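With the hints as constraints, model all of the structure from the sequences given.
Next come the chains, spelled out residue by residue.
Number of protein chains: 4
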Amino acid sequence: MGMIGGGKDAFIGAIHRLAFNMDGLVEIVCGALSINPAVAKESGEALFLPADRIYLNYEEMIEKESQLPADVRMDFVTIVTPNFAHFAPAKLALQKGFHVVIEKPITFNLAEALELKQLVQQTGLLLCLTHTYSGYPMVKQAKAMVAGGVLGNIRKVWVEYPQGWLSKLSEREGNAQAAWRTDPSKSGKAGCIGDIGTHAAHLSEYITGLKITQLCADLNIMVQGRMLDDDGNVLLKFDNGAAGVLMASQVAAGEENALKIRVYGEKGGLEWAQMEPNTLIVKWLDAPMQILRAGSNYGDRLSSYATHNCRTPGGHPEGYLEAFANIYRNFALTLSAKLEGNIAPKEAADFPGVEDGIRGMAFIDTVVASGQSELKWTAFAEV
Amino acid sequence: MGMIGGGKDAFIGAIHRLAFNMDGLVEIVCGALSINPAVAKESGEALFLPADRIYLNYEEMIEKESQLPADVRMDFVTIVTPNFAHFAPAKLALQKGFHVVIEKPITFNLAEALELKQLVQQTGLLLCLTHTYSGYPMVKQAKAMVAGGVLGNIRKVWVEYPQGWLSKLSEREGNAQAAWRTDPSKSGKAGCIGDIGTHAAHLSEYITGLKITQLCADLNIMVQGRMLDDDGNVLLKFDNGAAGVLMASQVAAGEENALKIRVYGEKGGLEWAQMEPNTLIVKWLDAPMQILRAGSNYGDRLSSYATHNCRTPGGHPEGYLEAFANIYRNFALTLSAKLEGNIAPKEAADFPGVEDGIRGMAFIDTVVASGQSELKWTAFAEV
Amino acid sequence: MGMIGGGKDAFIGAIHRLAFNMDGLVEIVCGALSINPAVAKESGEALFLPADRIYLNYEEMIEKESQLPADVRMDFVTIVTPNFAHFAPAKLALQKGFHVVIEKPITFNLAEALELKQLVQQTGLLLCLTHTYSGYPMVKQAKAMVAGGVLGNIRKVWVEYPQGWLSKLSEREGNAQAAWRTDPSKSGKAGCIGDIGTHAAHLSEYITGLKITQLCADLNIMVQGRMLDDDGNVLLKFDNGAAGVLMASQVAAGEENALKIRVYGEKGGLEWAQMEPNTLIVKWLDAPMQILRAGSNYGDRLSSYATHNCRTPGGHPEGYLEAFANIYRNFALTLSAKLEGNIAPKEAADFPGVEDGIRGMAFIDTVVASGQSELKWTAFAEV
Amino acid sequence: MGMIGGGKDAFIGAIHRLAFNMDGLVEIVCGALSINPAVAKESGEALFLPADRIYLNYEEMIEKESQLPADVRMDFVTIVTPNFAHFAPAKLALQKGFHVVIEKPITFNLAEALELKQLVQQTGLLLCLTHTYSGYPMVKQAKAMVAGGVLGNIRKVWVEYPQGWLSKLSEREGNAQAAWRTDPSKSGKAGCIGDIGTHAAHLSEYITGLKITQLCADLNIMVQGRMLDDDGNVLLKFDNGAAGVLMASQVAAGEENALKIRVYGEKGGLEWAQMEPNTLIVKWLDAPMQILRAGSNYGDRLSSYATHNCRTPGGHPEGYLEAFANIYRNFALTLSAKLEGNIAPKEAADFPGVEDGIRGMAFIDTVVASGQSELKWTAFAEV
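Line by line, the protein sequences give chains A, B, C and D.
The numbering used here numbers the first residue of the first sequence as 1024 and each following residue consecutively.
The numbering used here numbers the first residue of the second sequence as 1024 and each following residue consecutively.
The numbering used here numbers the first residue of the third sequence as 1024 and each following residue consecutively.
The numbering used here numbers the first residue of the fourth sequence as 1024 and each following residue consecutively.
Each statement offered as a hint is correct.
Pairs count within a copy or across copies, as identical chains cannot be separated in the list.
Straight-line C-alpha distance at most 27 Å; calculated DSS-like pairs for lysine-lysine: (1) LYS1290 / LYS1234; (2) LYS1191 / LYS1234; (3) LYS1140 / LYS1114; (4) LYS1283 / LYS1212; (5) LYS1361 / LYS1031; (6) LYS1290 / LYS1191; (7) LYS1031 / LYS1369; (8) LYS1119 / LYS1140; (9) LYS1361 / LYS1140.
I should point out that these hints are in silico values taken from the structure, not numbers from a laboratory.
In this text the structure is predicted, and so the values were computed from the model without any measurement.
The structure is reproduced here in C-alpha cells:
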C-alpha cells in the first residue's frame, strides 16, 4: 500500500497506520507523505520506507508504482490529505488501476464524489471510505438486529454527536486541527455538520438501512469570529416514515467524542454509544432490557457480523483503533479475495464505499441548503 | 387541605397523597374526590375523612368549607382532576379565598390560564403548579449553577423525554391512563407534547433561566388510529441566542420515564437525568468532569436550594416522591409563613406557579401551530 | 403509635417519621421523645401531639397509654434511642401488651436479644426490626429469584458496604453521630462492623436464604485514637458451602453509602446496589445480561414481592425513604390484619423481626471473636 | 523478534501479535511457533516468515539466530508457551544474549523465577513480563496519583477479578483453554488464583507502590471434579499497615473479565475497572468526585505516564490491545535506547519485569500455603 498524506504530526495519518498495522494484513510500501519535500522524506524514513519509494508527490508515486512489476508495486493507495485534496489523487489512482482507501469525507463536494463513483463503476476497482464508527462490532450487531426485524418497523432515530473542543476560537490560537476544519477553503461549505454530523448521519442510515428523505436544519456559529457552523440541530424524515433528530456540536463544552445513537421500533429500541462501544443496550417493550456485549459467547445471539469484527473474548475492551482496523481488515480481506478470484465473506464485504461517500456529500449540501431556507423541510437530493 | 379529584384508583391523586403526607406539614381534611358519588364516599372513608367533610362535588366543598370557622376550614385545595376540569374549581376556590395547588397542565387552554393569573393577582392568594421535576434537589443545583454563571453564557440546551408506554394503541385496550391522555376532548389539543413535552420545556427554562422565543416542531402520530401526537421533535431558540432541541416521545419502546437535560455554556456543561436524580454531572472545558451528589457534604459546593430540598445524607437515594413532596413542602412553608405574616426563605418560595402554567399552555399552542406550519420558525407567544 | 426517642435533631427519628408518614397507615399519637424533659416537650409540640400525651420517659408513656381505652391508646411503640437503650423499653412494651418496632441493632448484646425473643414468643406480639435495606423492591426481587432457583445452587456471595464519613477523627470534632457510634459504652463492642456490617450480613442472608456458618474477620482501626473498628473485612462460609466476602468500611474516603451485593450461582448472578436501588442486574452464564427495573410492567417477570413494595410506575425512582416506609407499611398491614383477625398477605408479612435481630447480634459477637483469634475460622453461634 | 509458541489457534499468541504489530516498532522475523512441526511450519507461513527462519523448536531457533549477523538476527524472543514451558527457553535465550519477553506467569515455580533473576542480573539483558493490565493509561495515572501523595497514606485496597467462564466443567467438554489452565501439570499449583489472582495482586502492588506482607486465603473448588481452585478470597496486609481484600473467581457466572480495583487513602479514593479502562474515578473526602479520562487535555492534570501510554484524543476509546501494545512499545523503546547507548524516558522504562514475576510466583506460593493453613495469617515470603 502507498500512503498519500499523513506525514509526521498529521493526526489522522498516524491513526490510519495504527489501524492497518494491527492485523498484519496491510503493509505500507511507499508514500507521498507530505507536500513539503523535507517532511515527506523524513516521514518516509521514520516508517522505514526504502529511499526510492519515498515520493515527493502523489502523481510521481502513482506513476512510478504503476510501472513496477505487479508483485512489487503497491496494491492500493490510502488518501489521508485534507478534504480538498482527496479527489485528485483518488481519481488518478483509479485511472492508473489502483484500489483506493479514502478518509472521509470522500471529496470536497458532491460533483467530485459522483465522478469518483463513475470511475469506480468503470474500473471495477475497490473504493473504501473510512467511516470508522461503522467498523465497531456492536454497530454491526445493531444493523443486523434491525435488518432481522426484531424491533419491528422503525419509528424513531435519535443520533447525537457532541464534542467540546471548539468551544473557544482555537483556530486563532495555533491549533492546526481547528484551523483547517474551520476554514471553508480547506474543509468545504460545512464545519461541524460536515466534520462530525456526517458520521452521525452515516451511522443512522447504516444501522437502520433507511434513507433520509428530507430534513430541517438549524446551523449555528456559536463562537464569534468563526466562519463555519460549529453546532447543528437537524430534524429528519426517513423513507419509511420514521422521524429522526440529529444533533452535532463542537461547542458542547466538556464533551469528548460522545457519538450516540438510539433507534426505536414498534417492539423495542437499541442504544449504542461510541465511548462505551462494546455494549449494545437493547430495550424491549414487554421484557427487561438486555445488555449485549462484544466478544461474548451467547450461542447464536450475536450476529456473525459482530463476531467477525471482534478479536478478543468478552470483557477485553476493544476500541476506536480496532474499529478503524476493522475497516482496513475487511477491505484487505475483500481485496485479497478479489485478487485471488474469490468472493469475500459477506461480513468482510461490509465496509463503506463510494455510495456512502455520495450520501455524505449530499447530506452536507442538503443541510446547508436547509440551514439557509425559511421553509421547514428540504428534500434530500443526491444530485 | 381539601382534595378535588383523586378518588380510588386515580393514579395522580395517590401520588399527591404520598407526596403531601411525607413531611407531616399538610393534612387532608376534606375532599370532593370523585364525580361518582359512591366513589367519592368510599374514597373519603378510605382516607379517614369525617363523613360531613366528604363532599360530592367541588362546588359544595368550597361553599361549605368557606363557611366553617377559620381554624377549622381547609387552607387550600389540591386539584387533581383531568386537564379539562382544572379551571373551574381553581377559579371558584380563588374567588372564595382558598389557595390552590393544581396538577399540571394548569388548564385546558391558554385563555383559562391567563384568567387564573388575573385572579391570583387580584386575590393575592398562592397558586402552586406541581411541575414535579423542578422539585428535585439536583435540578435546583443546576439552576443555581447556571444562575451563578459558572458555565458562562449558555449556548445549547438539549432536553429529551422518551417514554415507551404508548407504543401500542393501548387506549383501545382498556388502559384508562392512555384513554384520557390521547382523547382531545379530555387532554387538549396536544398529546405527548402536552403531557410530557411541557415538562421538558419547563425544565429547560427553569434550569437555564432563559425563555424560548421561537421553535420549529415536527409532531407525529406513530401509532395508527391515534388522535393526538405521540412523538414530537422540536428545535428551540432562546432569548439569549442559545439553540435547543426538545424531544418527547411516548412511542420510544422500552423507555420508562427517561427525562434528561443537558445544558452547555462557554465554560462547561451540566447533565441531569430524572431516573438517576441524585447525581448532577458537571463537565468542564478545561478540567475533569465532576459528579455532584444530592445530600453530600462538600462545604459550600452545593447550593442552599439543593440542600433545602433534600432530607437524607448523601448515598441515601431520594426519588420522585421526594421531589413531589418538595413542591408541597415549599408551598406549605410559604403558606405558613404568609399566614403568620412572615416571608418564607427564598429556597421555600421557589415552587412553580401561575406563570409557569401560562408558559406551558403557550408552549402547547406554539408547538401545535408550528407542527402545522410549513415555515421553519414559529414565534413563541404567550397571548 | 408512640415514639420512644427521636427528639428534635435526632437523625434516625426524623427518618422514621418520614417513613411512617408516607403511606398514611401509621399515625403518631404520643411520644417519650427525649430523656431531656425540655427537648421531649418541645419535640412533642413540634409534632402537634396533645400535651397530655407528650411523656417525659418511656415508662410513664407505656404505663399511661396502657390505661387508656383500647380505641384510643397507641397500638405499638417505635424505639429509636441509641443502641444501649433499646432493650428496656422494648421489654416493658411487650410486657404491657404493645407491639414493637425497633431501630437496628435490636439490642446492646445477644443476651438481651434472646430475652426479647422469648417475650415475643410468649406474648404473640409483633416485633419489627427496621433493617431498611431489605425493604427495597429489587432486594425483594433478588430474594424471590434466588428462592425460585433461577440461579441454581449459590456459590458465591460478595457484599460490600463502604462509607467514608469516619475518615477523620470526627468524634472529637463535635459530630454527634460519630461520637456515640464510636463509643463502646453506647454502641457496643463493635463499631463499623456493628453499625453497617450487620446490614451487609443481613442482606446476604436475606437475599440468599442461606445462613453464615463460619467466618474469618480482619477488624481494623484505621484512624488513630478511635476506640472501635472503623473497617472490617470478613471471609464467610454459608450453610450450603457457598463462599462469601463481606467488606464494611467507614474510612473509605469519598464513598457515600455504597452498600452493594453480588450473588453468583451455577447459572448466573445478581447484582444490586443501594445507591441505584431501582435496578437489579441479572447476569446469565449463557445469555445476555438483563436489567430488571422496579415498577416496570413485564407481565409476570417481576415477583409479587417486588411489585407489592413499589408505589410508582417504572422510571419514577423510589429510594431510601420508600424502602424504609415499606417496612412500616408491611408491619402496619400485618398488624391491621392481626387486629382484625385476618392473615396479612405473604408479601406484607415479609419484614425483619426478632430472628433477624438475633442473627445480627450473633454476627457482631462472632466477628469480634474472630477478629481477636489467630485461627482462620470461627464458628457462627447464636447462643 | 522471534516468537516461541503462539502457533495457529493459540489464543495468547494471536493477542501478542496484535499488540506488537500495532505501533510498528516490533517486527517478527522468526519463530518456533509450535512443538508440532506441521503446525510450526504452517503458522510461520501464515505470518509470511521466510522458510529458513521457521524453526521447529526453540533450541534450534536460539542457536541459529545467535549465529546470524547482528543486524539480521532477532533482537529478542517472545515466549507465549504454556506456563510450564516458560523457563527453559527464557534461560537459554538469556544465556545466548537475547532479551526476553514472557507471558505471565513468569515461570512454573518460584525457584525458576529466582534463577531467571540471577541471569538477568548477570547478563544485563532486558526481561519484560506482559502483565497487560499495568499497561493501561489510567492505571499509570492511578499509580502516579498515589505516588504523588494526593490520597495521603493508603488505608485500604479492594481488588476483585470475577470471571464466569469456568462455571461448568468445561475442561471435560473440549475447551482447550480450560483444559490446560485447570491441569496442575501444565498450570502449576494454583488455578484461578494463579491465572487471574496474580493479575489482581500485581495491580494492587503496582498502583499503590506497597508490598503485601501477609495474607489469609480461602481457596475453593466450586465445580465438582475440578483439580485446582476456581475461586479464591484473600485478606491482605500491606507493608504500611493498609488492609486489603482480593477476590478472584472463575465461577462468577455471567461475569466477563471484570478486574476492578479501589484504593482508599486518608484524603480520597481511586476506582478503576478494566472493562471501562479509559475512566479513572477519583473520590474525595471533602469535594465532589472527579472522572479522569484517558487522552483528555486538562493542562497538567494527567500524569506524563498516562499521556505517554495513550495514542488517541479523549473520547476515542482505547482498550485491552492498546494496553498490551503499551507493554511492547515501552519495552521496544527501552530496548532501542539501550541498543543506541541511550537511556529511555522514565515513562517508557515503566514495564513489568523479573521482580514482578518473582512477586507473582511468591504470591501463588503464599496463597496456596495459606489456603491449607488453619492459622489466619501467613507471611508473604519471596524465598
